[in-house]
Amino acid sequence: MIKDYNQTLPGLEQDTISKIQSIRKHRIFMRQTGYGLLSLGSFAGIIASGIYVKDILLTSGSFEYFSLLFSDVKTLAYWKELSLSMAESLPFLGLAMLCGIGALFLWSAMRTTQLQLFKKALI
Amino acid sequence: MENLTDAQLIALYAEGNHKAFDGLINRHSQAIYRFTLKLLGNSDEARDATQEAFIKAWKHIDRFDTSKNFKTWIFSIAKNGAIDKLRKNKSVNFSSLDDEKNIFDANIPDDQLLPNEIFERNENIEIIKNALGSIPFDQKTVILLHNGEEMTFEEISEVLSKPMNTVKSQYRRALISLRKYIESQNAPKP
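These protein sequence lines map, in sequence, to chains R and X. If you're matching positions, the first sequence starts at 1 in the numbering used here and goes up one per residue. If you're matching positions, the second sequence starts at 124 in the numbering used here and goes up one per residue.
The set of hints was computed from the structure by calculation and includes no laboratory data. Everything numeric in this text was worked out from a predicted model, so none of it was measured. A hint or two may mislead.
[What the hints assert, rightly or not] Straight-line distance between alpha carbons at most 27 angstroms, and here's what the computed DSS-like set of lysine-lysine pairs gives: (1) R:K119 <-> R:K25; (2) X:K252 <-> X:K303; (3) R:K54 <-> R:K80; (4) X:K142 <-> R:K19; (5) X:K179 <-> R:K19; (6) X:K182 <-> R:K119; (7) X:K211 <-> X:K194; (8) X:K191 <-> X:K179; (9) X:K208 <-> R:K19; (10) X:K285 <-> X:K213; (11) R:K25 <-> X:K179; (12) X:K194 <-> X:K142; (13) X:K182 <-> R:K19; (14) R:K19 <-> X:K191; (15) X:K291 <-> X:K252; (16) R:K119 <-> X:K179; (17) X:K303 <-> X:K285; (18) R:K25 <-> X:K142; (19) R:K25 <-> X:K182; (20) R:K19 <-> X:K194; (21) X:K179 <-> R:K120.
[Stated by the list, open to error] What follows is a set of in silico ranges between Cβ atoms, one per label pair, in the way DEER data are often shown: (22) R:F92 <-> X:S190: 50 to 58 angstroms; (23) X:D185 <-> R:A96: 32 to 40 angstroms; (24) X:L127 <-> R:G11: 20 to 28 angstroms; (25) X:N203 <-> R:Q14: 23 to 31 angstroms; (26) R:K54 <-> X:T189: 50 to 58 angstroms.
[Unchecked claim] Here's a subset of chain X near chain R, in silico, CB distances under 8 angstroms, partners left out: (27) N149; (28) S152; (29) Q153; (30) Y156; (31) R157; (32) L160; (33) T173; (34) I178.
Cβ coordinates follow ideal geometry from the N, Cα and C atoms, glycine included.
All chains should be modelled from the sequences, with the hints used to inform the complete structure.
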């Protein structure tokens with residue numbers, strides 16, 4: 001008898017699937033927006049830190065060591081001293097920052113693309 | 124998808140096939156709807172409770188223990204959702220004594236209780252509905268799962284997270300209450 005007053009609701013399955021689908025799409029949109037903004041921010045960071053590193057390289061004299069290295073092969077005989085001087089003149093902090101921001105940009109851009117592909121597969 | 128078990132569908136979903144979860148929805152949503160409809164007594168609320176149960180299951184599917192039964196898990200989520208809705212409406216009749224008395228009740232013989240007879244003799248669905256409405260929520264849940272969804276007591280104990288003896292005693296007491304109610308309704312009035 002309990003089963004006798006069982007009722008079904010036509011379209012319930014599709015409604016539930018659609019609801020989950022819309023939540024899924026919203027989640028993807030939010031994540032994509034987040035990763036997209038991170039990509040843009042890190043891209044701006046790459047430009048800023050690139051300029052910063054270039055300025056430091058110009059003022060620290062690192063470029064002069066490079067030009068010396070390529071203009072006179074004899075300097076290679078003093079490679080130990082030369083490499084030490086070059087290392088001292090390199091802006092490590094700036095370069096590390098540039099590499100870090102570059103990696104962040106690549107990762108966020110990759111995630112944005114992945115989510116775009118996933119969204120397409122979902123539709 | 125139809126030939127796959129729930130566990131296989133969950134495994135497929137975990138591998139990235141999002142259609143696999145749709146298979147679980149197609150398989151269980153009407154049963155969940157029937158169950159919540161009888162608990163809540165309102166079609167709109169039952170539909171919402173069903174959808175919310177599946178959304179909750181979907182959100183937490185990564186936490187699901189695949190060695191367990193998906194059906195009992197989703198029923199458990201639906202039951203909790205229904206309780207929340209009933210609490211909001213403040214119309215739930217919880218039996219606080221159920222757990223304390225189950226040890227004694229588990230040994231009571233129940234030869235005189237024939238659930239099918241109780242239900243089948245009465246052609247008036249309204250009487251059954253009212254009878255179910257008159258018993259405590261936990262007992263009603265056990266009756267609905269056992270007689271409505273044909274779940275075993277073991278499965279019901281998983282849904283309710285209660286020992287099997289408690290479930291069995293709740294079932295017996297529910298039958299006694301239902302029988303009393305139905306008999307009082309069918310008794311000739313002076």
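Against the structure, the hints:
Annotation: proposed proximity of K119 of chain R to K25 of chain R holds, straight-line Cα distance about 7 angstroms (limit 27 angstroms). Of the pairs offered as hints, the one joining K252 of chain X and K303 of chain X holds, with about 14 angstroms between alpha carbons and a cut-off of 27 angstroms not exceeded. As the CA atoms of K54 of chain R and K80 of chain R are separated by approximately 25 angstroms, the hinted pair is consistent with the 27 angstroms bound. Distance restraint check for K142 of chain X and K19 of chain R: the Cα-Cα separation of roughly 14 angstroms lies within the 27 angstroms cut-off, and the hinted pair is therefore satisfied.
Pair hint K179 of chain X plus K19 of chain R holds up; C-alpha atoms about 12 angstroms apart against a cutoff of 27 angstroms. This hinted pair checks out: K182 of chain X and K119 of chain R have alpha carbons roughly 18 angstroms apart, not beyond 27 angstroms. A C-alpha spacing of about 26 angstroms is found between K211 of chain X and K194 of chain X, which places the hinted pair at or below 27 angstroms, so the restraint holds. Simply put, K191 of chain X and K179 of chain X have alpha-carbon atoms about 17 angstroms apart, close enough for the 27 angstroms limit, and the pair holds.
At roughly 20 angstroms between alpha-carbon atoms, K208 of chain X and K19 of chain R fall within 27 angstroms of each other, so this suggested pair holds. Simply put, K285 of chain X and K213 of chain X have alpha-carbon atoms about 24 angstroms apart, close enough for the 27 angstroms limit, and the pair holds. The hinted pair formed by K25 of chain R and K179 of chain X meets the criterion: a straight-line CA distance of about 16 angstroms does not exceed 27 angstroms. Pair hint K194 of chain X plus K142 of chain X holds up; C-alpha atoms about 18 angstroms apart against a cutoff of 27 angstroms.
A distance of roughly 12 angstroms separates the Cα atoms of K182 of chain X and K19 of chain R; the hinted pair therefore holds under the 27 angstroms criterion. Using a Cα cut-off of 27 angstroms, the hinted pair K19 of chain R and K191 of chain X holds, with the two alpha carbons roughly 26 angstroms apart. Taken as a hint, the K291 of chain X and K252 of chain X pair is honoured in the structure, with Cα atoms around 21 angstroms apart against an allowance of 27 angstroms. With a CA separation close to 21 angstroms, the supplied pair K119 of chain R and K179 of chain X stays within the 27 angstroms bound.
Simply put, K303 of chain X and K285 of chain X have alpha-carbon atoms about 26 angstroms apart, close enough for the 27 angstroms limit, and the pair holds. Taking the CA atoms of K25 of chain R and K142 of chain X, the gap is near 14 angstroms; set against the 27 angstroms cutoff, the hint holds. Of the pairs offered as hints, the one joining K25 of chain R and K182 of chain X holds, with about 13 angstroms between alpha carbons and a cut-off of 27 angstroms not exceeded. The straight-line distance between the Cα atoms of K19 of chain R and K194 of chain X is roughly 20 angstroms, inside the 27 angstroms bound, and the hint therefore holds.
Taking the CA atoms of K179 of chain X and K120 of chain R, the gap is about 24 angstroms. The hint holds against a cut of 27 angstroms. At roughly 52 angstroms, the beta carbons of F92 of chain R and S190 of chain X sit within the given window of 50 to 58 angstroms. D185 of chain X and A96 of chain R have their C-beta atoms about 36 angstroms apart, which keeps the hinted 32 to 40 angstroms range intact. The beta-carbon spacing between L127 of chain X and G11 of chain R, approximately 23 angstroms, falls within the hinted interval of 20 to 28 angstroms.
Against the hinted window of 23 to 31 angstroms, the Cβ-Cβ separation of N203 of chain X and Q14 of chain R comes to about 25 angstroms, which satisfies the hint. Restraint check, K54 of chain R to T189 of chain X: a C-beta distance of roughly 55 angstroms satisfies the suggested window 50 to 58 angstroms. Here the hint on N149 of chain X is kept, as its CB sits about 5 angstroms from the closest CB of chain R, short of 8 angstroms. With its C-beta approaching chain R no nearer than about 5 angstroms, S152 of chain X sits inside the 8 angstroms limit, and its interface hint holds.
Taking 8 angstroms as the C-beta cut-off, the interface hint given for Q153 of chain X holds, the closest approach to chain R being about 5 angstroms. Of the supplied interface hints, the one on Y156 of chain X holds, with its beta-carbon coming within about 5 angstroms of a beta-carbon of chain R, less than 8 angstroms. For R157 of chain X, the suggested interface contact is upheld, since its CB lies about 5 angstroms from the closest CB of chain R, less than 8 angstroms. The beta carbon of L160 of chain X comes within 6 angstroms of a beta carbon in chain R, closer than 8 angstroms, and the hint placing it at the interface holds.
Because the closest C-beta pair between T173 of chain X and chain R is about 6 angstroms apart, less than 8 angstroms, the hint holds. The criterion of a C-beta within 8 angstroms of any C-beta in chain R is met by I178 of chain X, whose closest approach is roughly 6 angstroms, and the hint holds.
Checked against the numbered hints given earlier, the structure satisfies every one of them.
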